[in-house]
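From first to last, the protein sequence lines stand for chains A and B.
Be aware that the first sequence starts at 6, since it is given in the working numbering, and climbs by one per residue.
Be aware that the second sequence starts at 6, since it is given in the working numbering, and climbs by one per residue.
Think of the hints as simulated: they come from the structure by calculation, not from any bench.
Hints are supplied without guarantee of correctness; some may be wrong.
[Stated by the list, open to error] Facing chain B, from chain A, some residues (calculated, C-beta under 7 Å):
hint	residue
1	L66
2	L121
3	Q124
4	S140
5	E338
6	S413
[Claimed, not checked] A few chain B positions that, by computed beta-carbon distances, are all more than 10 Å from chain A:
hint	residue
7	D46
8	Y103
9	F189
10	Q262
11	A440
As the structure is a prediction and not an experimental result, all values here were calculated from the model.
All C-beta atoms in this analysis are idealised placements derived from N, C-alpha and C, irrespective of residue type, glycine included.
Number of protein chains: 2
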Amino acid sequence: MSKEITIIDGNEAAAYIAHKTNEVCAIYPITPSSNMGEWADQWSSEGRKNIWGTVPLVVELQSEGGASGAVHGALQTGALTTTFTASQGLLLMIPNMYKIAGELTATVFHVSARSLACQALSIFGDHSDVMSTRSTGWAMLVSNSVQEVMDMALIAQAATLEARVPFLHFFDGFRTSHEVAKVFPIADDHIRAMISDELVAAHRQRALNPERPVVRGTAQNPDVYFQGRETVNPFYAAAPAIVQKEMDKFAKLTGRQYRLFDYFGAADAERVLVIMGSGAETALETVMYLQKHGGEKIGVLRVHLYRPFSNADFINALPKSVKAIAVLDRTKEPGGAGEPLYQDVVTVIAEAMGSGKAPFAKMPKIIGGRYGLSSKEFTPAMIKAVFDELKKDSPKNHFTVGINDDVSKTSLTYDPHFITESDSVVRAMFFGLGADGTVGANKNSIKIIGEETEMQAQGYFVYDSKKAGSRTVSHLRFGPDPIHSPYLIQAANFIGCHQAIFLDQVDMLRFAAKGSVFLLNSPHGKDEAWDKLPRSVQQAIIDKQIKFYVIDGYKVAKETGMGSRVNTIMQTCFFAISGVLPKDEAIEKIKYSIKKTYGKKGEDIVKKNFEAVDKTLANLHEIKVPAKATSTHEIPPVVSA
Amino acid sequence: MSKEITIIDGNEAAAYIAHKTNEVCAIYPITPSSNMGEWADQWSSEGRKNIWGTVPLVVELQSEGGASGAVHGALQTGALTTTFTASQGLLLMIPNMYKIAGELTATVFHVSARSLACQALSIFGDHSDVMSTRSTGWAMLVSNSVQEVMDMALIAQAATLEARVPFLHFFDGFRTSHEVAKVFPIADDHIRAMISDELVAAHRQRALNPERPVVRGTAQNPDVYFQGRETVNPFYAAAPAIVQKEMDKFAKLTGRQYRLFDYFGAADAERVLVIMGSGAETALETVMYLQKHGGEKIGVLRVHLYRPFSNADFINALPKSVKAIAVLDRTKEPGGAGEPLYQDVVTVIAEAMGSGKAPFAKMPKIIGGRYGLSSKEFTPAMIKAVFDELKKDSPKNHFTVGINDDVSKTSLTYDPHFITESDSVVRAMFFGLGADGTVGANKNSIKIIGEETEMQAQGYFVYDSKKAGSRTVSHLRFGPDPIHSPYLIQAANFIGCHQAIFLDQVDMLRFAAKGSVFLLNSPHGKDEAWDKLPRSVQQAIIDKQIKFYVIDGYKVAKETGMGSRVNTIMQTCFFAISGVLPKDEAIEKIKYSIKKTYGKKGEDIVKKNFEAVDKTLANLHEIKVPAKATSTHEIPPVVSA
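Pulled out of the complex, with its shape left as it was, chain A reads as follows (with noise of 0.2 Å):
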């Protein structure tokens, strides 16, 4: 990784520092955070050193339980040491969590947040797991997008040396940790000058050793715990500064400036959102669209060190003029007074303003809401219509948005058709079969694009809960601008159906844009393909001005040798029609991706492929579209009468 980006996604980029900084990392997997042990321990395994020259020892336990002792055992002999868990992983955790802070030990635990089992399990992503230790005394930062997750883990890593306070580096489960995105690595000189070797060095004295005895694990009765509980103040009083510092250092290093509260918007913004996570970067595009178009006082406070809290940091955050204040949890605490985040706001304003301090006129309206539980969709127009309650004179509090709670109606409502996304971005979905080797070829297109041009680039990866087998929507976005989109595609200007059985299955032109382009692997051939489509597909390529393209994928590959193996002809298709690079060059590089990909196994599937790519632009053909729509069947209903 020393040359000037990469494309990796959140858990590569965590994991990217954790085995950089760390000499042992104890293991035990859990969805979505697996990811980064198995890097830690492909790494090691290849014999991949950190920045001392040694390779990290990676060990995996019997369950997080273990993982978690082993880091503490492991901390308490002087040796940097990591973790990666979520969700039920991290509860199990949480024991050995308060040990590790209360005996001030430097560590960071990279946690990919998932939801927490209970009306049901689920893989995906929110801060229900994180939420549930912020008891433990751990420090917290939170990382809002790829480049993000990798900015943070190191300047986690620097500041708990510093700060003697354990960190925990949390990223949005899925929507961050499998996020495909375009990333400034941090040099190995950068990581360097980031880790202090004094600080190493005082942490290996902190180890129990038997020539420097010190006892410590010790039980304590009520004549002294209390005290020794209150020792730690200082601590965290000191953290907050700490991290500043450290993101100050590192600004100085790479040019990425960050702050523990991030403000963006107005200067005189009356209505705030304050939010941390993946949707923090959608609340930040939102902003700069409504500003853009309207003017609007607002703005949005990103959080990025949650705890310790530093009430002086938020406050300075905020601008002075505002009047309402949104706090958006991606969690739920039932039977609570409210959701984490939204107490902890209202309680550091209500005693700003209780100490006089405050540079607020008046004590602003504060309401809390829940968003994006289990990785549910968060939208600008979601963020659009909360800065619409902050309007009301009594919005809505604790409510929820992003789902329709018909049963207690929590629920803001919102336009859908409320899009920020600029026109000068390529947004492509593909539609395949789980292990067709479509979101594979996306992955390629994505590091063809993003290493060989200057355009930006992002790819997410919906897959059904079955995995092979099943249907995979990628999600890919290109643009000349930075992308603050962590939400899926509304409105694509690509839509390619790598399996024609989908188009009975499921209405993938709602998502196209006026104009779009629509590719279509189909059995049928360019003179009967438009026949065979549902007639409300032909109905919206009509409406939508459609361009609508067919390639017959499979006899393309049967003809070249390929197999059944659809994936390179599909992306030839691709970058031939949807004008994401010049038709020659894009090409041309995939050509030079085929050749390292499969060079190892052979000259000959390398020929297979180029002859695939060539034939693919002989078969390739745009469909005149009709003015009517005339077929007579229709996409059957999921459930049948």
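Once you've looked at the hints, dock chain B against the given chain A.
What follows is chain B alone, placed relative to chain A:
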């Protein structure tokens, strides 16, 4: 327990109701909750039946993780199921707690709240364990005294069946779990009246059963999980009213009325404390005392239902005149914006003010503080210090009380001479050796006085970390009025030193009130006993006008064939000179008790004990106290120069 009163500790009170109202107890022992499981196990092994006439199944699992899993499983079969735990044990139950709550399953866990292992392990009491589970969606009902433990255990069981929300019923580890008190047991008829057969039948109907197949415990994806998670809202909204309804029903049956938030104090109070657990009793006593002695505008709000937190009930329970509130948390969350109860109170009051519906003229000042971690003593003097702090224009927030935090200067100072105990209360302290029978004899004395007289009785026993062979200090209170003093005796009017060796180890007379009685088991006999005292003990006896009694207990024990057991002898002395009962009546009751205790072991042992009682009276001497201290030796320093 059909008799009208009984003398038990908090653990037995909880276990009593739990065993009466459940069919399965899945247990794993952890201090200070172990006794609850042990009681249940013992009663089931003795064939004791629950209110439906069946003997509950008590099973011990391999850990608290397993216990909570077994509970979850048993509940899914429709069995009424419970468990008992604390501290790290409760932490291991968190994953199952989310599931049990998510599936809206009726159960009560009884928790003797205990500290968590942080900088050190502690087996003593605070609310850190309970607070660590407040995200799980469990209702939380708090008992502040031994009587309340029995009452709330039943109210929780009745409420959970209707509310469908599982209940965590907690009380202070050691202070309440191990305090022996005079309790009105709840008659089986009343238990039956509280537990609705229809609701039990409904609980059974919800069981997984092949004859009524339903699926439960599935995996949900982003499409439905969030909506599913929100379906529980109406259950949480309804729970507080259900609990109040059960409290009212309970009041009709027993005469003991509780409210979700019980206010006591001036109707026009300006300064109010909010607190839960045994400390709420101390606060109650302090407010009673201060009102009687100064008529101050103060009050205390004792929390019973902590979750779901009922905003309306909380606001309504506060006097409209309140200007300043102190919220006391028995836990610590380093890095948080504040401790949990404090943040809840701030949130609820800020919401009420924001909505314009609050009955207060102005937003009250609110401060939060920590007290009593790991059973650190919490006394009326500390409560007075908090009320005094509330008088200030800028009271300290996030304070501690009860320690001298000389590191981060959080502590309030308090006047340890502020003592609220009533003169009408006999306050006796006994210094014994672990396993010398002192604690057992004292428990017996409490039974004699509590069961056979109208007097209220309380006993609390302080052990060293090591058990047998080290010092035990028994704290006994007897008096005409209900005792709201869940703290150690500060001014004893009787001090019994059962081992002369302690004279050189602990300055026990610093606890002695003026004019109190000091009983010493001395090997030196009546003539030498005075001269053998350390000089400071002599001086204290003189200064405090203490009546000094001596017996050579070991000599009496030897002569009457009791070997080295002095417990009956010292107990007899206590009754003979403390004046708690008329002497002859007391002796008769001791003998009756001896017959009951040792009757089964044979006539000979009973006779020996009777003889010991009689000989005791002949060997007990009051020593005439000289006008001057004459001893030449001092209590040696704990650490030598």
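Are all beta-carbon distances from B:Y103 to chain A longer than 10 Å?
5 Å, violated
Verify that the Cβ of B:Q262 lies farther than 10 Å from every Cβ atom of chain A, and report whether the claim holds or is violated.
For B:Q262, whose nearest Cβ neighbour in chain A is about 24 Å away, the distance exceeds 10 Å, so it holds.
Assertion that B:A440 lies farther than 10 Å from chain A (Cβ)
19 Å, holds
So, A:L121 near chain B? Judge it on the closest CB pair being under 7 Å.
5 Å, holds
Just to be careful: measuring from the Cβ of A:S413 to every Cβ in chain B, is the smallest value less than 7 Å?
Status holds, d = 4 Å.
Taking the closest Cβ pair, is A:Q124 under 7 Å from chain B?
At 4 Å from the nearest chain B Cβ, A:Q124 passes the 7 Å test, so the hint holds.
If you take the shortest Cβ to Cβ gap from A:S140 to chain B, is it below 7 Å?
5 Å, holds
Does A:L66 pass the interface hint, meaning its C-beta sits closer than 7 Å to a C-beta of chain B?
15 Å, violated
Hint status (Cβ of A:E338 to nearest Cβ of chain B, threshold 7 Å):
Since chain B brings a Cβ to about 5 Å from A:E338, closer than 7 Å, the hint holds.
Per the stated criterion, does the least C-beta distance between B:D46 and chain A lie above 10 Å, as a non-interface residue requires?
25 Å, holds
Does B:F189 sit more than 10 Å from chain A, CB to CB?
Fine: 30 Å to the nearest Cβ keeps B:F189 off the interface.
Figure legend: structure checked against the earlier numbered hints; hints not met, in rising order: 1, 8.
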